[in-house]
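2 protein chains.
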Amino acid sequence: MEPDPSTLLETAIAEARRGLAEGGIPIGAALFHADGRLLGCGHNRRVQEGDPSIHGETDAFRKAGRQRSYRDTIMVTTLAPYWYCSGLVRQFNIGTVVVGEAVNFAGGVQWLRENGTRVVVLDDQRCITMMREWIEANPALWNEDIGEE
Amino acid sequence: MEPDPSTLLETAIAEARRGLAEGGIPIGAALFHADGRLLGCGHNRRVQEGDPSIHGETDAFRKAGRQRSYRDTIMVTTLAPYWYCSGLVRQFNIGTVVVGEAVNFAGGVQWLRENGTRVVVLDDQRCITMMREWIEANPALWNEDIGEE
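Respectively, the protein sequence lines represent chains E and L. Residue numbers for the first sequence follow my numbering, beginning at 1 and rising by one. Residue numbers for the second sequence follow my numbering, beginning at 1 and rising by one.
Source of the hints: derived by calculation from the structure; they are not laboratory data. Quick reminder that beta carbons are idealized off the backbone N, C-alpha and C, glycines included. Treat the hints with care, since some could be wrong.
[Stated by the list, open to error] Only some residues are given here: those of chain L computed to face chain E with a beta carbon under 10 Å: (1) Thr11; (2) Ala14; (3) Arg18; (4) Tyr70; (5) Arg90; (6) Glu114.
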């Protein structure tokens, strides 16, 4: 039986909160096998490590190590992925993406769907509120993270 | 004066050869400012570190640290970038991409051009030969790196 997307999201939310507590950008992610096993999880650490490549999804992906196939994996993220992480999903044929919210940022959801990825958008109120409050308080950092000048 | 793309490519080729010498996938990359300054360089380390997220371009990008803007930067890579690294280029609006070769792999060159990135493809014979010989000798590892099962 496929795991419940809302249950999987809890892991990503816990990661986002960890990032927030560290003074970072509150975006968390987790990669699960379709059978519900957690393969890896992580969060955005641009601020904490001065590394602009550590987006939540990239962090979860790398922590999962090398996998034979990603077809039966589920990438769960608190916020819709943008080009960088959407490219990751598409390149490695990650079968399903669960998005905590796409209200504050639509990212590459449409592009992923057009190219065959199953995308489940939950629009979880906790994710929406956490991200909105953070963006309002940190507009420059937010623009840096999504590549806006 | 804009730096010569062939000269910039030398740095990426040196990185690719370093990767090959380490027993890894021979793809190297370097991020330059448009004035010719090297900001960061690196190579694919999937094998060496068991980390599937370290593609050449990602490695060069992260080693460059946080930049205010990528508009005036040049990403140089020995092989055409695929979705993951093309997404990186597009998200951060990297102005120019110099591609050592797109013969063994076309990657996201067309997609990047359609979306406004300037892409210079050199089809350098050293890059073509190095990659072709490596792919022929390591088909499984190659497919893993581009997400083919």
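Against the structure, the hints:
{"no.": "1", "hint": "Thr11", "result": "19 Å, violated"}
{"no.": "2", "hint": "Ala14", "result": "21 Å, violated"}
{"no.": "3", "hint": "Arg18", "result": "19 Å, violated"}
{"no.": "4", "hint": "Tyr70", "result": "7 Å, holds"}
{"no.": "5", "hint": "Arg90", "result": "4 Å, holds"}
{"no.": "6", "hint": "Glu114", "result": "13 Å, violated"}
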